[in-house]
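> Sequence:
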Amino acid sequence: FVFNGSYVFAFYSTDGKLLGITRNISSLDLPVSLQRNLKKDYSNYWISDLFELSNGNSTSYYVTLEKAESTIVLKADAGGEWTLYSKAVKQ
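Just so we're aligned, residue 336 is where the sequence shown starts under my numbering, counting upward by one.
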């Protein structure tokens, strides 16, 4: 659905409880510290996906980064550091 001009996706449990809401964002929408860390530590990758996950209590960010031979997904909490969520080697 559309909320405040952005497409958002809501996820519910089987009993109808809201689990969280996601929205695709631009790297410019990230907290400044997370933007800076991406540029500093992952400058040889390009961003292929970036979204924000909010569950009412906290907000997390997930970014998919790619280069010719690999893809990695990083996760960070608002104001936190990026941590490796998953990694794959391209075939």
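Each hint should be verified, as a subset may be incorrect.
Restricting the straight-line Cα-Cα distance to at most 27 Å, the calculated cross-link-like pairs of lysine-lysine (DSS-like) are [said to hold, decoys possible]:
id, residue 1, residue 2
1, Lys410, Lys352
2, Lys375, Lys410
3, Lys352, Lys425
4, Lys374, Lys352
5, Lys422, Lys374
6, Lys402, Lys425
7, Lys410, Lys425
8, Lys375, Lys352
9, Lys375, Lys422
10, Lys422, Lys402
11, Lys374, Lys425
12, Lys352, Lys402
13, Lys422, Lys410
Simulated from the structure, these hints should not be mistaken for laboratory data. Note that the structure is a prediction, hence the values are computed from the model and not measured.
> Is the hinted pair lysine 374 and lysine 352 satisfied, with a Cα-Cα distance of at most 27 Å?
37 Å, violated
> Given the hinted pair lysine 352 and lysine 402, is their alpha-carbon gap at most 27 Å?
38 Å, violated
> Under the criterion that the straight-line Cα-Cα distance not exceed 27 Å, is the pair lysine 422, lysine 410 satisfied?
Given that 27 Å is the threshold and the Cα spacing comes to 12 Å, the pair holds.
> Lysine 374 and lysine 425 were given as a pair; does the straight-line alpha-carbon distance stay at or below 27 Å?
Holds, at about 22 Å.
> Hint check: lysine 402 vs lysine 425, CA-CA at most 27 Å. Holds or violated?
OK: lysine 402 and lysine 425 at ~9 Å, within 27 Å.
> Is the Cα-Cα distance between lysine 422 and lysine 374 27 Å or less?
Holds: lysine 422 and lysine 374 sit about 19 Å apart, inside 27 Å.
> Given the proposed pairing of lysine 410 with lysine 352, does the C-alpha separation stay at or below 27 Å?
This hinted pair holds, its Cα atoms lying about 24 Å apart.
> Straight-line Cα separation of lysine 375 and lysine 410 no greater than 27 Å?
With a Cα-Cα distance of about 16 Å, the restraint between lysine 375 and lysine 410 holds, given a limit of 27 Å.
> With the threshold set at 27 Å, check whether the alpha-carbon distance from lysine 422 to lysine 402 stays at or below it.
12 Å, holds
> Between the alpha carbons of lysine 375 and lysine 352, is the straight-line distance 27 Å or under?
With Cα atoms ~39 Å apart, lysine 375 and lysine 352 exceed 27 Å; violated.
> Taken at face value, is the distance from the CA of lysine 422 to the CA of lysine 375 at most 27 Å?
19 Å, holds
> Are the Cα atoms of lysine 410 and lysine 425 separated by 27 Å or less?
20 Å, holds
Checked against the numbered hints above, the structure violates hints 3, 4, 8, 12; every other hint is satisfied.
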